[in-house]
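Read top to bottom, the protein sequences are chains L and V.
Sequential numbering of the first sequence, starting at 1, is according to our numbering.
Sequential numbering of the second sequence, starting at 226, is according to our numbering.
The hints are simulated quantities; they were obtained by calculation from the structure and are not laboratory data.
Note that this is a predicted model, so its numbers are computed, not measured.
Do not rely on the hints blindly, as some may be mistaken.
[Unchecked claim] Computed footprint of chain V on chain L, listed as stretches where at least three residues anywhere in the stretch have a Cβ under 8 Å from a Cβ of chain V: (1) 51-61; (2) 134-146; (3) 181-193; (4) 200-214.
[Stated by the list, open to error] Not everything, but these chain V residues come out facing chain L in the computed CB check (under 7 Å): (5) R278; (6) Q279; (7) A282; (8) A369; (9) W406; (10) G413; (11) A414; (12) W417; (13) H435; (14) F436; (15) L439; (16) I440; (17) N442.
Virtual Cβ for every residue (Gly too), placed ideally from N, Cα, C.
There are 2 protein chains.
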Amino acid sequence: MDGQAATKPENGTDSAPDAGANKSAENSAEAVRPRGNNRRERVLDAAAYRFRRQGYAATTMRDIGGDAGMLAGSLYYHFKSKNALLLAVHEEGVRRIAGAVDAAVADADPSDPWQRLEYALAAHLQSLLDGGDYAQVVIRDLPADEPELRTELIRLRDEYEQRFRHLVEALPLANEKDAGWIRLLLLGAANWSNTWYRPDGATPAEIAGHFVRLIRNDKSMGITT
Amino acid sequence: MDGQAATKPENGTDSAPDAGANKSAENSAEAVRPRGNNRRERVLDAAAYRFRRQGYAATTMRDIGGDAGMLAGSLYYHFKSKNALLLAVHEEGVRRIAGAVDAAVADADPSDPWQRLEYALAAHLQSLLDGGDYAQVVIRDLPADEPELRTELIRLRDEYEQRFRHLVEALPLANEKDAGWIRLLLLGAANWSNTWYRPDGATPAEIAGHFVRLIRNDKSMGITT
DNA sequence: ATTTTAACCTAACAAATGTTTGTTTAAGGC
DNA sequence: GCCTTAAACAAACATTTGTTAGGTTAAAAT
Chain L
1 MDGQAATKPE NGTDSAPDAG ANKSAENSAE AVRPRGNNRR ERVLDAAAYR
51 FRRQGYAATT MRDIGGDAGM LAGSLYYHFK SKNALLLAVH EEGVRRIAGA
101 VDAAVADADP SDPWQRLEYA LAAHLQSLLD GGDYAQVVIR DLPADEPELR
151 TELIRLRDEY EQRFRHLVEA LPLANEKDAG WIRLLLLGAA NWSNTWYRPD
201 GATPAEIAGH FVRLIRNDKS MGITT
Chain V
226 MDGQAATKPE NGTDSAPDAG ANKSAENSAE AVRPRGNNRR ERVLDAAAYR
276 FRRQGYAATT MRDIGGDAGM LAGSLYYHFK SKNALLLAVH EEGVRRIAGA
326 VDAAVADADP SDPWQRLEYA LAAHLQSLLD GGDYAQVVIR DLPADEPELR
376 TELIRLRDEY EQRFRHLVEA LPLANEKDAG WIRLLLLGAA NWSNTWYRPD
426 GATPAEIAGH FVRLIRNDKS MGITT
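Sequences and hints are given; from them, build the entire structure.
Here it is as structure tokens:
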């Protein structure tokens, strides 16, 4: 009984990220040449996509494989375990969001610490809300089991948030002790924003502007020009 | 026949919430009379405990059963499914945190909307940080699968947060449009606080005080007395 | 043409999962 | 004493899980 090809996954039931890349576009060397490790990127994209929507525990290797256009077992050619996949997503996420924030800060007026903070917060929000799934996973997905992995992921995130610690400490505040609270207030509200953010509402830059303005008020003291 | 008692879980391997209630205290009617539905409460406590630490997806019915002092199958006498357990934890959590906030607001000066907001935020933080596991689950655990359940859980939380909408709208603001941003800023930062909160640091009331003060500044306009 | 190798598939494994079914225990009412 | 019933157990169930082992394909190197 049974045994008649019960499982036939073939390709994902719902192509999530972009499972249609190997069509008939054989112009030169893209679809017909999986020689480069561009498939690993697809796998990572699929993992980030699923981890963001369902969380780590609720995501199966078959989910990821389906989205990446391969079977679950094939994933182990690119990553040695599910944990390794999560770690890779986190690392890439931190890389992206940190790069975005650094670039935004570099664009700001070096003599205006409030603007620097606002630009950084806007980039943080942009990465989190409109940017891909990677940043979201970094912020939200911290599995409780496997404490070693958890420690490593927290270390990655703390290293990133260090930037905001410096940005806030550079503010001209009446009470320097407020720096820590301002950072916790802004970063916490930002990291929570995905629960209420709507693409048709305020943009990340606008949100950052509102948040910074609310706590700025007249707290600045120097900066006369 | 047989009866070698292969599996003998008896009581949890690590008594998590408080698995030591049926000792030898048979004073009148507690340990010897499981007639009341006091076991259901233990099950709910265990579920809240696990859901908070591991999240919904990573928690197994055997985990909960172990903590509650029974086998996984026995849980189905009290709750008809794992989803039902999560829903019950959410309902109880909303009941508790809403009750705490309402009580705190009732204690505040009715003519001082800033104090009312601060007290409410303090109670919210207290429930979230020092209060049991229920409130934490309400805030953090929203499983993505089973959209019906998710919708119901979000409805529960939104109903609760409605209180803050009213509290913020009662503030004497220079720009009324800021009410929404203030609510998102404060509530977001509060809901994120469990990632950095340490019991030996600032108390929930102190945290609420700092947060409210940071955005208050001189935004108030009425309230001369 | 042959070999190599990156990339993937097929097929299974053992363990864990949520849940169900039938049975047992013990307390309380009659 | 018997009967009812709340509460739990014991044992399985059908899937699903992460992971592995060996086979297959096609492009690249020799």
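inquiry  = Less than 7 Å between beta-carbons is the criterion; does W406/V satisfy it with respect to chain L?
reply    = For W406/V, the interface hint holds, since the closest Cβ of chain L sits about 5 Å away, which is under 7 Å.
Problem set entry | Minimum beta-carbon distance criterion (7 Å), L439/V to chain L | holds (5 Å)
* Status of the G413/V interface restraint (C-beta, 7 Å, chain L) -> Since chain L brings a Cβ to about 3 Å from G413/V, closer than 7 Å, the hint holds.
Tell me if the interface restraint on Q279/V is satisfied: Cβ within less than 7 Å of some Cβ in chain L. holds (5 Å)
(request) Using 7 Å as the Cβ threshold, decide whether I440/V counts as touching chain L. (result) Constraint on I440/V satisfied, holds at 5 Å.
Within 8 Å of chain V's CB atoms, at least three CB atoms from the stretch 51-61 of chain L: coverage verdict:
holds (count 5)
Q.
Next item in the hint list is F436/V. Is there a CB on chain L closer than 7 Å to its CB?
A. holds (6 Å)
Review point. Do three or more residues of the stretch 134-146 of chain L come closer than 8 Å to chain V, measuring C-beta to C-beta?
Key: holds (count 3)
(Q) Quick check on the hint: A369/V CB to chain L CB, less than 7 Å? (A) Nearest chain L Cβ about 5 Å off; hint holds.
### Message
Under 7 Å is the threshold here; is the Cβ of H435/V close enough to any Cβ of chain L for the hint to stand?
### Response
Constraint on H435/V satisfied, holds at 4 Å.
Practice task
Let me know if the C-beta of N442/V comes in closer than 7 Å to any C-beta of chain L, holds or violated.
Solution key: holds (4 Å)
* chain L contact restraint on A282/V - CB to CB distance below 7 Å -> At 4 Å from the nearest chain L Cβ, A282/V passes the 7 Å test, so the hint holds.
In the structure shown, no violation is registered for any of the earlier numbered hints.
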